[in-house]
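A.B. asks: Below, each chain spelled out in residue letters.
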Amino acid sequence: MARGTIVVDTNRCKGCELCTTVCPQQVLEMADFYNTRGYRPAILVDPEGKCTGCTLCAVICPDAVLTVYRLPAVVKAPRAPAAMALAA
Amino acid sequence: MARGTIVVDTNRCKGCELCTTVCPQQVLEMADFYNTRGYRPAILVDPEGKCTGCTLCAVICPDAVLTVYRLPAVVKAPRAPAAMALAA
Amino acid sequence: MAKELWKGNEAIAEAALRAGVEAYFGYPITPQTELLEYMAREIPKYPGRVFLQAESELAAVNMVYGAACGGVRTMSSSSSPGISLMSEGLSYIAGTEVPAVLVDIMRGGPGLGNIQPSQADYFQMTKSLGHGDYHALVLAPSTVQEAVDLTYESFELAEKYRTVVVILADGAIGQMMEPVELPPWRETMREEQRPDWALRGAKDRPHRILTSLNLTPEGLEQTNLRLQARLATVQRNEVRWEEELTEDAELLLVAFGTMGRICKTALRAARRKGQKVGLLRPISLWPFPEQRLHELASKTQRILVVEMNAGQMLLDVQAAVQGRAPIDFYGRMGGMVPLPDEINEQIDRLMALPISQPETNQPGNGYHRHAAAAAVASHTRR
Amino acid sequence: MAKELWKGNEAIAEAALRAGVEAYFGYPITPQTELLEYMAREIPKYPGRVFLQAESELAAVNMVYGAACGGVRTMSSSSSPGISLMSEGLSYIAGTEVPAVLVDIMRGGPGLGNIQPSQADYFQMTKSLGHGDYHALVLAPSTVQEAVDLTYESFELAEKYRTVVVILADGAIGQMMEPVELPPWRETMREEQRPDWALRGAKDRPHRILTSLNLTPEGLEQTNLRLQARLATVQRNEVRWEEELTEDAELLLVAFGTMGRICKTALRAARRKGQKVGLLRPISLWPFPEQRLHELASKTQRILVVEMNAGQMLLDVQAAVQGRAPIDFYGRMGGMVPLPDEINEQIDRLMALPISQPETNQPGNGYHRHAAAAAVASHTRR
Amino acid sequence: MHEEIIISGFGGQGALFAGQLLAYAGMDSGKHVTWIPSYGPEMRGGTAHCTVVISDEPIGSPMVRNPSAVIALNLPSLDKYEGLVKPGGVLIYNSSLVERAVSRADIRVAPTPANAISMEETAPLLEGKPGDARLANVVMLGALVQATGLLPLEAIEAALAAHLPQRHRRWLEPNGRALRRGAGIAEAVAL
Amino acid sequence: MHEEIIISGFGGQGALFAGQLLAYAGMDSGKHVTWIPSYGPEMRGGTAHCTVVISDEPIGSPMVRNPSAVIALNLPSLDKYEGLVKPGGVLIYNSSLVERAVSRADIRVAPTPANAISMEETAPLLEGKPGDARLANVVMLGALVQATGLLPLEAIEAALAAHLPQRHRRWLEPNGRALRRGAGIAEAVAL
Amino acid sequence: MASIELAEYDVVYKRPEALVNTTTHYCPGCTHGLIHRLIAEVIDELGIGERSILVAPVGCAVFAYNYFSVDGCEAPHGRAPAMATGLKRSQPDKIVFTYQGDGDLAAIGTNEIIHAAGRGENLTVVFVNNATYGMTGGQMAPTTLAGQVTTSSPYGRDVDLVGVPMRVSELISTIPGAVYVVRRSVHNVANINKTKAAIKTAFQVQMQGLGLSLVEVLSTCPTNWHMPPAKALQWIEDAMIPVFPLGDYRIADAVVPLTKRTRGGQ
Amino acid sequence: MASIELAEYDVVYKRPEALVNTTTHYCPGCTHGLIHRLIAEVIDELGIGERSILVAPVGCAVFAYNYFSVDGCEAPHGRAPAMATGLKRSQPDKIVFTYQGDGDLAAIGTNEIIHAAGRGENLTVVFVNNATYGMTGGQMAPTTLAGQVTTSSPYGRDVDLVGVPMRVSELISTIPGAVYVVRRSVHNVANINKTKAAIKTAFQVQMQGLGLSLVEVLSTCPTNWHMPPAKALQWIEDAMIPVFPLGDYRIADAVVPLTKRTRGGQ
Ligand SMILES: Cc1ncc(C[n+]2csc(CCOP(=O)(O)OP(=O)(O)O)c2C)c(N)n1
Ligand SMILES: Cc1ncc(C[n+]2csc(CCOP(=O)(O)OP(=O)(O)O)c2C)c(N)n1
Ligand code: SF4
Ligand code: SF4
Ligand code: SF4
Ligand code: SF4
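Protein chains in written order, with the numbering used here: chain A, 1 to 88; chain B, 89 to 176; chain C, 177 to 558; chain D, 559 to 940; chain E, 941 to 1131; chain F, 1132 to 1322; chain G, 1323 to 1588; chain H, 1589 to 1854.
No lab work stands behind these hints: they were computed from the structure.
Built from N, CA and C at the ideal position, the CB exists for glycine as well.
One or more hints might be untrue.
[Said to hold, decoys possible] Stretch-level coverage of chain H by chain C, calculated; a stretch enters the list once three of its residues show a Cβ under 8 angstroms from a Cβ in chain C: (1) 1633-1640; (2) 1691-1699; (3) 1740-1747.
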């Protein structure tokens, strides 16, 4: 299984929830805070590093808010998923 | 063979010659005089009474200038074709 | 009848229904769309009446044209860009001398512009609703109630003069709510009441023809003379305006529609300060109350025209005043609405000026330039 | 260059080609069609230039709009009903501030009317070429040579002011032949000469946007102020007119285009009779030579406006004269052209009147009514 | 009497309806009224506001630059209108959503925890779910009416009774309570 | 010098081209000229006419109610324009097609058998077929120029040489003859 | 007197009642007049003259209202279907028909015909395709043939630059609301008769309220084609029909019985 | 720093260059934004950003020119194909595309698209069918489904009164000048990918000068459909696709190789 992660451009997200409906790993959720535009943005909640970087969320996002990353096969998987690191 | 005749509303004829092209009996000609609108009208030249009243000329006439008559089968054919009589 | 709170667009639609409109054709465009939507909702409740959303304003105006040729009470509504698209059809309607009512809820232009209130179609509506020599009767309400009343009356006027009647308002009047007393329901026309030129099928009478075409100049001049004669009657009979405190006015405000009512607030503020300000509010924009304005111009010291545009009615004021009083202009554009404080500022400025002679009222370096300048000033000021 | 005999419509087309027009889009309509047909014949001879017959005037004007957005020298032509159909597009062109040239060979209206010469689009062209606050620069030639010269110049004007320039003529000028000296061939624009707003692909620069839309009233007012400021410059720089024998004129004729030249014949006949008649022929109808007319109005005793319509330029005259001289009007409609003898009759009638005061020049029962009356009179008289 | 009121909030907060209620109440009390909304596509997701004028005299301008009273249902509305209120005027803001303080000293200000009150009043009807903010607009209206005294509270109640859409009938009672609680707040802050 | 000429006939009789020739000749002789046709769909099968003004001065009106000279190529044209010719003016009519007499006594009239002359002049080039009326317009023009003296015949000849379309080149010579025969007629009737 | 002798005869063809007893302005041999006559015959046969309303186009047929003894009006160029919609919707008991040329219907007015069809307006449209703009003097129309020289395609229609001729019946027949869409021609007697039958069906479709009916008729413009009338008819057959095949492009199920009846009636 | 950790990763999806780095005005979940993104990706992939010109419509996408980093302008309602024609004819080396809604293209602007197709203009048209007029607040469009409630069909679209929904791809595909006409949808990832492939082909058709290409995309309007975005996607599948079947409506012979290549490229 490929290891991947995503970055949500949180303030651009309009909270439409479409990404959450397509994620096969079910690692996307809507945040419980509001962004500067008044929407609850999508966030990656992937403590187990299930995101495969399949890009489905990015493909369906109407607002091009998502960037998707995948770990090259040769690189060893990092401990924590990157997006979590970002949030930190 | 049915016997027929036609009447040309001479002053309405625009001299387009279409009727002369469809008459199976070849009894229509263009006159050598001009009508009040400056056109040479079609005329019936049918000394032998060949007109059958087939209506082809009237059907193709773009200016609804022709009236077509046919002798009912029961009536004896008159000597001279009617249109000639008209011209007289 | 008790007053109810009505949105302008919907009130106009309801007034038209009560006036017996039988066929409405339109196309959505902000800030007019509620009128169409109201018709969509209400007309199906009245059997025999027609609501149809056209594929475009071009189609809408020609549907109106068709219905009008049948002697049917009919109307359309739109807003500025849509009205431009109707101008060929409106000219045909005028040339064919059939009645129709058109509502224009103006917005900011030119081009796509925006959807904010504006009065930038004044010229288009009063001078040249399409090509050719004609004028529509143009009525400019300044309240929702007046919009209702004028709409209600417009059909009779259209039929009486066989002309296009325009209800000319702007997004503010279309969108606002005000208390309204609705007029009574009128019956729709019965067959025997149809006009004697209407196309209803050539039964027991010769066939009728309605056309704007006449290839001979002599013939077409006859049509035009008939049209102009009718327009002259309209000019005699249908000039409408409202005046407020004009008797002793040293400064006369001239403004129509939304601007007319806003000026009232400024006027009252000015009067409270002891400034002798009056208001002429033209209601019929064509025919323009030129005679009355001409009279008032002799009695006042200064005229201030206020419009939500770069100065259009201004030209009619200029032509009517004929140099009898200097004319100033204040206008905002693109959906900006001059508010009372701005107008009062202008009043203060003008009241402070020495009383000038009509001669100062130079065209060329006069009104047009001034219009732009005033707008610039107003703009940079705030 | 030697003179050649040219038909107006074709001469205008040739002048446009020599001025470097790169793209022509149009639709057939009498009495303008020869212009389109000439383009159809000639443009294919010049590689890189575009001729395209559009499916309608609506399409034509928007093709022009598109080409203009590319910074390409472009034009269309039509006649009255077709111009009405263009009014939305023209308003967009104005709102987007791109240059374009439009030729209107006017015919009798309203509606389908007929195809005879007329000046019934004066209001439409000078006041409201579509909705919104703008004016096109309107140039009215009275000879084929002048049509050529103005057309040739129109592209530069359009580009200088980023505006629509209208060549406004009528069927008579479109159809007549006169000797013409053609202007020299100008090169078409090279890529590096394209204006810095033109859409040519966002190569090595940020992407460019051309639009007439601005949803905020503040923003749209800015656009309008820019537009109005440019129009004010046009009013300062581009007023054009011709005068004949105005110095000592007791009666001033005011007429444009075909009517302007016909008035010259009447003027000469009047002068031969010893009548002190002069002529002001506005060439730019917008901007109107209001300043000059205002001056002349103070020097003359009477003004006679002659038009091939019910009295449209009349309003501009009225606004410019400001009561300084009484104004009369003589007009024919629907393709009728006032001929010199009719004009001389009017001159005789007016010269016989006592010199009246400006005060007689009452609006309301004044000019408009009079316009209709004059036309009626002229009509019943012959 | 001549009051010029602006009510502003996010789309969905009911600013427009609150304004209509006010206008209805004014009209039914025999006043002249106008109600004019912001309109058009920019409303989508953005802010919505309306201007209500209530007057003893026929109303000239239905548009207002400097309102005598403002209801700000959210922070952007407060930011936009705080500076515009006429000196001596009234500003009601939704303190449930706005944390910052108001700096104007020349106006009367009533911070009103409208969302909080609405939550409390709506919860009983929402069968176990937590309450929601649907009555915030009416809470604010109560505060406004109380603070300005421009109409009796009963006039708003009557307008509610007359104009609450049929499908929301069951909310009439909570609306009334919300209204009075808003009024109570305004009274309490002793403007 | 200022002449206002109307040339009128059936569509196809060459009235418009004759007018253009006249205008070219005038222009090439250094005069001011205008040529203005009837136009539009009514031309189809109907009549066609043009107005030519030739003048020493810049031309005001290119349109004329009372021409100083008229060429009537057929009867309807004669009917229409006979009464309009200025007193003292010239009227050339095609006596090949018009049988009636002209009643005006205050103008100079030249009945010109233009079709007949044209038939004669065209026959040689039509290889055995009888001649046709294609030169009638030029015959009439010859008569007009002679009768009015408004231009030398050579000017028209030069215009013909310059403006006869390439495909009609072989008709240049017959045109010249037709022109001079027309002129001869006008001379003969001693206007 | 001739009438005495003619009295022995039966009239087998005479000018229809619905055709006003006047001369048209059409050029000699132009089949506009012929198509008018067919429509008039149909109106007579169906007995609908008293309730028919004609919407004339801008084009050579602009004066069509002068030639039919039914009520008539004249639409702006291309807008006849919209005007007819206004008439028909407000007077559903009337028979409303438009008569439109190819410039009118297939160029400037394409939107109006498509949307009238889209709405399934109960209208009858007689669409006269003569491959040119007749009235304005023979410019290129959307239906102008490849290579055809016109005043605005002086080097022949270049299909690389302006596309191939537009086929209106094919286009409109894809729209469900257009229930009867056929192409006919008047280049000879047999086809004239078929055209008449189609026009009759088209009116019957409206009488039964089935939707929009459109009869495209290939027609001549001898004047602008620069051909004698008989040669123009031949040109329809030789040049036009290959590009615009005659046939039934759409006969909705509900219309089928009508076509049977009409055929039987011929 | 996150970037340090992310540096170990490959970017497998990022916002395309041709999409301006800003937030659109579209409602949450509206697929206008999605279709924009697909176009931008295609422009990037084809490397044509420097020579592309967008003609935006009047409709919700009126501001589209703000979102693409290519030159852009804005046409009057429905006239984008005419404006694009003016641009393309005078700058044939440019890639000109229109982006139009169903009110824009299928109502007021039908004439312009039909005649642009008829002429075979070298244009690419992205036609966004959301079965309503979004911008003006959800009125009936020609593409509104039978029975669909809108603000101007408050009792549901009555097909007896206003006809059945207009099928644009079916209509345009009958016109020879339209060489590539397909209908796609963005209701799920698979279809989004197919839509992108089609848009790519459409641009390639223009790059090769083959004629007009039109990609109809079924799109949502959650706001005016009164549905959450996910449900709106479902509604495309359940309600729209049965009426507007996805598929290739016209692939001219010359275009076939392109479709093969594009498919291979996916
Ligand atoms: C808006 C407008 N544009 C153009 C014209 C000029 N015009 C009159 S008829 C016509 C074309 C008619 O052609 P078609 O419809 O094919 O009919 P036909 O004359 O061939 O019968 C045109 C372009 C007009 N009258 N109005
Ligand atoms: C001439 C004209 N008519 C009407 C309008 C109003 N208008 C703006 S957008 C629109 C409809 C847009 O609908 P659609 O094309 O389906 O695009 P969407 O908004 O759904 O994306 C209308 C009718 C206008 N701006 N101009
Ligand atoms: S699809 Fe995009 S806009 Fe929608 S919730 Fe997910 S990240 Fe946000
Ligand atoms: S009826 Fe027939 S036979 Fe008689 S003239 Fe006519 S075509 Fe000839
Ligand atoms: S121009 Fe053509 S279509 Fe028109 S009447 Fe003449 S032949 Fe018929
Ligand atoms: S209104 Fe509809 S189409 Fe427009 S942006 Fe919102 S969801 Fe999209």
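A.B. asks: Next, verify each hint and record whether it holds.
C.D. replies: Comparing the hints with the structure gives:
Three residues within the 8 angstroms Cβ limit are the bar, and the region 1633-1640 of chain H against chain C gives 0, so the coverage statement is violated. Counting residues of the region 1691-1699 of chain H whose beta carbon lies closer than 8 angstroms to any beta carbon of chain C gives 4, which meets the minimum of three for the stated coverage. Counting residues of the region 1740-1747 of chain H whose C-beta sits closer than 8 angstroms to any C-beta of chain C gives 4, which meets the bar of three, so the coverage hint holds.
Comparing the model with each earlier hint shows a violation of hint 1 alone; every other hint is respected.
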